[in-house]
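Novice: Chains as they are written, first to last, in the numbering used here: chain A, 1 to 300; chain B, 1 to 385; chain C, 1 to 359.
For the record, the hints were derived by calculation from the structure and aren't laboratory data.
Yeah, the Cβ is synthetic: ideal placement off N, Cα and C, and Gly gets one too.
Hints may contain errors.
[What the hints assert, rightly or not] A short list of chain A residues far from chain B (calculated; beta carbon distances all over 12 Å):
#, residue
1, GLU10
2, PRO11
3, TRP77
4, TYR85
5, LEU187
6, PRO216
7, GLY236
8, TYR282
[Stated by the list, open to error] Taking lysine to aspartate or glutamate and the EDC-like style, the derived pairs with C-alpha atoms no more than 20 Å apart in a straight line are:
#, chain 1, residue 1, chain 2, residue 2
9, C, LYS260, C, ASP305
10, A, LYS124, C, GLU55
11, C, LYS244, C, GLU356
12, C, LYS102, C, ASP129
13, C, LYS260, C, GLU293
14, B, LYS286, B, ASP189
15, A, LYS262, B, ASP279
16, C, LYS178, C, GLU319
17, C, LYS64, C, GLU29
18, A, LYS75, A, GLU87
19, C, LYS131, C, GLU112
20, B, LYS82, A, GLU127
21, C, LYS131, A, GLU190
22, A, LYS287, B, ASP189
23, B, LYS82, C, GLU72
24, C, LYS252, C, GLU330
25, C, LYS21, C, GLU55
26, A, LYS287, B, GLU195
27, B, LYS286, A, GLU23
28, B, LYS82, C, GLU55
29, B, LYS305, B, ASP279
30, A, LYS262, B, ASP242
31, A, LYS124, C, GLU264
32, B, LYS305, B, ASP331
33, A, LYS124, C, GLU29
34, C, LYS347, C, GLU264
35, A, LYS98, A, GLU127
36, C, LYS260, C, GLU291
37, C, LYS244, C, GLU319
38, C, LYS276, C, ASP249
39, B, LYS191, A, GLU127
40, A, LYS262, B, GLU224
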Amino acid sequence: MANTSTISAEPSGAKPKPFITWERAVVYTVLIVCALFFLLPLYIMIITSLKSISEIQGGNIFVPSSNPSLAAWEKAWNSACTGLYCEGIKVGFWNSIKITVPSTIVSIAVASISGYSLANWPFKFSEGFFTILLLGSFIPYVVMLYPIVIITRYLGIFSTLPAVVLVHTIFGLPIQTLLFRNYFASLPQELFKAARVDGASYWQIFFRVFVPMSVPIFTVSVILQVTGIWNDFLFGVIYAGPTNYPMTVQLNNIVNSAQGGKAYNVDMAATILTGLVPLTIYFISGKYFVRGIAAGAVKG
Amino acid sequence: MSITSLPETDRSVPLNRNRRSALIALAGLLVAEVVLGSIWKILPQNSAVSPNVFTALMFLMVPPILFFIYDAIWGIKSRNSKMASYPMMLIALGVFVLGTLWTVMFSFTNIKIIPLFTPADWVKGFVGLANYKRLFNTSRWMDCPGLTKAFQSGWEFKCAGALPNMVTYAVLSIAISVSLGFLLAVMMDQKIRAEGVFRTIFLYPFALSFVVTGHVWAWIMSPEYGLQHSIRALGWESFSFDWIANRDMVMYAIVIAGIWQGTGFVMALMLAGLRGIDDEIWKAAKVDGIPAWRTYIQIVLPMMKPVLVTTFVIVSSGAVRIYDLVVATTDGGPGISSDVPTRYIYQNFSANLGQSLSASTVMLVAMAVVLIPWIRVEFGKKSQA
Amino acid sequence: MSYSVSVKNLTLKFGAAEVLKNLNLDVEEGEFIVLLGPSGCGKSTLLNCLAGLLELSEGQIHIKGKNVTWAEPSERGIGMVFQSYALYPQMTVRGNLSFGLKIAGLPKADIEARVQRASEILQIGPYLDRKPGALSGGQRQRVAIGRALVRDVDVFLFDEPLSNLDAKLRSELRVELKRLHNRLQNTMIYVTHDQIEALTLADRIAIMRGGIIQQLAPPQEVYNRPVNLFVAGFIGSPAMNFLKGAVVDGGKAFQVGNTKVSLEGYDGGTNIERPKAILGLRPEHLLIQPEAEAGMTIPAQVELDEPMGADSLVWLVAEGHQLSVRVPVENRPKPGATVHLKVEIHKASVFDAESEQRI
Ligand SMILES: Nc1ncnc2c1ncn2[C@@H]1O[C@H](COP(=O)(O)OP(=O)(O)OP(=O)(O)O)[C@@H](O)[C@H]1O
Ligand SMILES: [Mg+2]
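All chains, please: the whole structure from these sequences, using the hints.
Specialist: If you want it as structure tokens, here you go:
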């Protein structure tokens, strides 16, 4: 019965499949078109940053430079003007580092301990406080901006680094606490009980039992916080003060400073540079990033 | 715990321990206060650290001290937990509750730049709804001349201003990104090749700052040398794409940038939701001979309701807040035709605080309206459990 | 007076729900107590109270004569073993065993010696440097027991320690636990769902229902003289047969349907008549015989039988009640046959139908 492909052949073995069905074709076409739409700005950003101004003015936005150069990148980093000075976006880069590192550490420290308390050591009204936090995370920031201005003024830290750190801690707290609370609540309760029977205290349980087994959630949390804080614009503008403006604010100032015509290539180079840190984190940590944003959506 | 029912000897042991540790902690706090106090004394008097800092720190320490005294007497449990949660409680009450209340309360007063926040200030400055009346008479906030003549003949719907702009942006970006995100998620769920690559591509804009997104799209859509210029240069002379410079179309330009940034996020949430659906459903539908698209619409979509509601709430709470994207793309231009509430509020902080606070309160109400479906889902779940 | 563990008037509420109600329990030094009861009756809750993991609403707990009602778990001289093992995943077996000792600040040499001893007793020496993830269920549970062992405690608390193991391992570890108890002579309080475990391990069994201890007695007594209908029905598999009837003839006989069974030789006080009573008979306390004996047998019809290896469980209908009787396989009657059941009345139990208490 070899090589029979007649219609009357008895069905046997694997069912023959067409090479590609029209449904598959539609699916792939839509996905590829969408992928092109999503990739387009990245492509344009990169090729624009490699062009010279005359090429931009004379040429086509989609066509890469015939003579690519990194001059615009150099200028964006070192000497682009923000309206006040011409020191490039590197100032903003270092400011962003100065803001992001302490903000991430402080906010995760506060949130992980709060989440641990809520999950394992509940006390009267602890869930009430948590509900307030969750609802608070949906309150538009503007509602609390001025009260926080008053608070930071009163504390004498308005327009300084500590103020931005404080604000990032405050607004990062709800989602981060939720993340940690849900994670610690998902750990077996018996483990917690065993540690208590072993005589471990509140802090010993946290640092010696829970933290070592929570590396994944700390990773997710660091990724969320670093990208979130790096990408922030509003809090930086309001609370950091001009000397501490983060990279996003500096980028905006560079692009908007209209000294001698628009230098699109420098603008795009500065834009890429600003997006580079979160993009790098995203590409390295893909899975954790997805997990982080999904965790934000899973309510407890 | 009824302490009275136990013999005297029995309660001495735990109470002593509580008392001892409470005294140690109290002593520690006192030392901290003294140290802080002396640091303040030796600082130059006109330094950046004002006497207020010291007062504020003292003030912050009052609740924990009271708590310790209470603890020492009653021996309550979870002491460490409460102490460690103090920052969280302080933020929840001090910022989220009091901050919101302050904004709402003082939106009914005529306070100016210098913050006044005692009840006496409130009574003195009370002006009723004056700020709101002014707000809705400000064309920059909301200008809907046709609204009073709604549905009469010759009625033309036209609304401009920060609030309508936000609504336009929210409605369009949510509708498009949620439906496109769901569509993409369904397609990603067809056991396709290179799923990881597609996901990475769809999601990377979400990792970027709105400022970055805004500047890229501003460049692409810039009529001068961007898309319009390039296509005209190719020979299609009549091609026109100048939304970003067009007062009537500028919000749609911003919507495009918003969709580019946010759709991947929706897709990721939806995909997680789809993957969470039991495989048996698919088998059952297949055995019953239901076509896949009907299964998606009639069976899977209703099962995804919680995911949809969550996505909707998250996406819309972001859309209501829109600020950085507008600042980067158009900075409210041309003119003020793409102004949004957050920008309006921020720009009025120094000159016109009453406007800012009343506009903030309006935003709060807008957010509450959006939150209702979420709260209903949450409550529905609890009452079932 | 010195009990090893003594619980006095313990009440525990979760919100409004009273999970343990005014519970009293005294455990002798070196005793093996098993807590048995249906799911949700408060066994784990009681154990957690003893361990200090839950705050009591009312009452006191004494361990070794000391009032530990408000003491921290680690100060009570207890060790606890959990159903899910609850080993610290990031620590090696050695780390797991020594964690509590390190926290207590014991000298290194002392810790080492204790770990060594525990690993010998439990035969976990070869795995000391592995992580729990690389151990089988049985090995993990041994480590969990070891964690309690190294702490040299007076009282061991077990919360269904064998439930996550398969049947074979479970019976192996059961024997090992008994051996451990014989060797250490500690007090052990052990929660289980498994009647075999309860009957084989316990010095005394505490049967709980709804947060109340129904009966606290040695296994044989619980089995033979259950204090009430609940205990009678809960203990024993297959379950006890219940015949509804009355105590008649001035307390001398039990009437079920048209049959009278003499209560002469019954192990309990029945000298008053009761219009409503229940006669409880275990399947192995009934004998099938072909002919009737006045006042000793009940006529019955054979329905079907279930051979179970050596024995067969025969189901019959007698006076409108379904009964099961255990007989050797070779003696089982044919379905449909009419037989007579001889009642071993000295092993039976009679309950008042109203109060459900044994008479
Ligand atoms: N943290 C809690 N909050 C409220 N109710 C609880 C809590 N823990 C237990 N309960 C309730 O207390 C009762 C007793 O629970 P417990 O865990 O002691 O039962 P158990 O006898 O151990 O059951 P099982 O055999 O299933 O383990 C149950 O009805 C349970 O629902
Ligand atoms: Mg239990």
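Novice: Are the hints correct? Go through all of them and say.
Specialist: Checked hints:
no., hint, verdict
1, GLU10, "holds, 24 Å"
2, PRO11, "holds, 18 Å"
3, TRP77, "holds, 16 Å"
4, TYR85, "holds, 20 Å"
5, LEU187, "holds, 16 Å"
6, PRO216, "holds, 17 Å"
7, GLY236, "violated, 10 Å"
8, TYR282, "violated, 4 Å"
9, C:LYS260 to C:ASP305, "violated, 26 Å"
10, A:LYS124 to C:GLU55, "holds, 14 Å"
11, C:LYS244 to C:GLU356, "holds, 12 Å"
12, C:LYS102 to C:ASP129, "holds, 17 Å"
13, C:LYS260 to C:GLU293, "holds, 11 Å"
14, B:LYS286 to B:ASP189, "holds, 16 Å"
15, A:LYS262 to B:ASP279, "violated, 55 Å"
16, C:LYS178 to C:GLU319, "violated, 44 Å"
17, C:LYS64 to C:GLU29, "holds, 8 Å"
18, A:LYS75 to A:GLU87, "holds, 9 Å"
19, C:LYS131 to C:GLU112, "holds, 18 Å"
20, B:LYS82 to A:GLU127, "holds, 12 Å"
21, C:LYS131 to A:GLU190, "holds, 18 Å"
22, A:LYS287 to B:ASP189, "holds, 17 Å"
23, B:LYS82 to C:GLU72, "holds, 17 Å"
24, C:LYS252 to C:GLU330, "violated, 35 Å"
25, C:LYS21 to C:GLU55, "holds, 14 Å"
26, A:LYS287 to B:GLU195, "holds, 13 Å"
27, B:LYS286 to A:GLU23, "holds, 17 Å"
28, B:LYS82 to C:GLU55, "holds, 17 Å"
29, B:LYS305 to B:ASP279, "holds, 18 Å"
30, A:LYS262 to B:ASP242, "holds, 18 Å"
31, A:LYS124 to C:GLU264, "violated, 61 Å"
32, B:LYS305 to B:ASP331, "violated, 37 Å"
33, A:LYS124 to C:GLU29, "violated, 38 Å"
34, C:LYS347 to C:GLU264, "holds, 12 Å"
35, A:LYS98 to A:GLU127, "violated, 34 Å"
36, C:LYS260 to C:GLU291, "holds, 16 Å"
37, C:LYS244 to C:GLU319, "holds, 9 Å"
38, C:LYS276 to C:ASP249, "holds, 13 Å"
39, B:LYS191 to A:GLU127, "violated, 41 Å"
40, A:LYS262 to B:GLU224, "holds, 11 Å"
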